[in-house]
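Student: As they're listed, the protein sequences go chains A and B.
Everything in the first sequence is counted per this note's numbering, starting at 42 for the first residue and increasing by one.
Everything in the second sequence is counted per this note's numbering, starting at 2 for the first residue and increasing by one.
Be aware that a few hints might be false.
Said to hold, decoys possible - From chain B, some residues computed to sit far from chain A (all C-beta separations above 12 Å):
no. : residue
1   : His11
2   : Leu52
3   : Gln115
As the list claims (entries may be wrong) - Covered stretches of chain B (in silico footprint by chain A; criterion: 3 or more residues with CB under 8 Å from a CB of chain A, positions within the stretch not fixed):
no. : segment
4   : 15-27
5   : 70-80
6   : 85-96
Simulated from the structure, these hints should not be mistaken for laboratory data.
No residue lacks a Cβ here, since even glycine has one placed at the ideal position from N, Cα and C.
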Amino acid sequence: MAYIKVDVRGETCPVPLVETRKALRKASPGDTVEVVGTHPASRKEIPMALKALGLKLVGIQEEEGVWKIKIGV
Amino acid sequence: MTDKTTIVVHSGDMDKIYSALIIANGSLSMGMEASLYFTFWGLERLIKGKLEKGALSRMHMFGLGKWMIRRRMRAANVASLEKLLQDFKELGGKIIACEMTMQIMGIHREDLRQDLIDEYGAVGAYIQEARESTITLFI
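Put together the whole structure using the sequences plus the hints.
Tutor: Okay, structure coming up:
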């Protein structure tokens with residue numbers, strides 16, 4: 042039950058999406074992956090990817106242009 | 002049908018190689034499979050040391066345009082082609098090198114980055130990939 046953090050602040054397309062996928066591939070069932078970033082499009086496309094992958098979006102927060110997406114593996 | 006993207010990478014232009022790799026990596030990240038078929042000028046980018054050497058497809062201006070775009074890309078923190086290619090492989094992407102191009106251009110396997118290439122093939126290899134793909138593009 043690890044808590045994995047992915048920091049992609051300042052990164053642009055396609056890095057946040059790709060780094061999220063890389064982290065998810067390495068995670069085990071029961072782990073939580075938290076992605077923090079600033080690229081606006083990624084905030085929308087990461088939830089789309091989770092839907093396609095059949096993974097659970099635990100929550101999204103956003104504050105002053107920095108978003109945080111929590112994923113249940 | 003598999004949820005898969007197959008791209009013919011025909012152009013060796015820097016901006017088009019970016020497009021191909023970004024779409025391919027996006028596909029893999031969103032749970033699809035992805036195959037890249039490198040042919041003609043695209044295959045030149047898989048020669049050792051040549052990945053970043055492509056011209057800009059427009060406004061290259063003897064390298065000045067490319068220099069300007071690269072500067073802006075660095076400012077925007079755009080990933081290098083090398084990183085995109087490594088990510089593509091890490092996420093399970095497949096690379097096919099066109100054998101006819103190798104013959105025409107006198108490229109030998111040892112000239113290419115063989116560690117990245119999964120298969121050496123011809124049109125049949127592309128068709129086999131494309132016929133089971135939901136997305137196929139020619140770049």
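Student: Does each hint fit the structure? Answer for all of them.
Tutor: To see whether the hints hold, each was checked on the structure:
1. His11: Fine: 21 Å to the nearest Cβ keeps His11 (chain B) off the interface.
2. Leu52: Fine: 17 Å to the nearest Cβ keeps Leu52 (chain B) off the interface.
3. Gln115: holds (24 Å)
4. 15-27: Coverage by chain A holds here, the residue count being 3 at a Cβ distance below 8 Å.
5. 70-80: holds (count 4)
6. 85-96: holds (count 4)
Consistency with the previously given hints is maintained throughout, with no hint failing.
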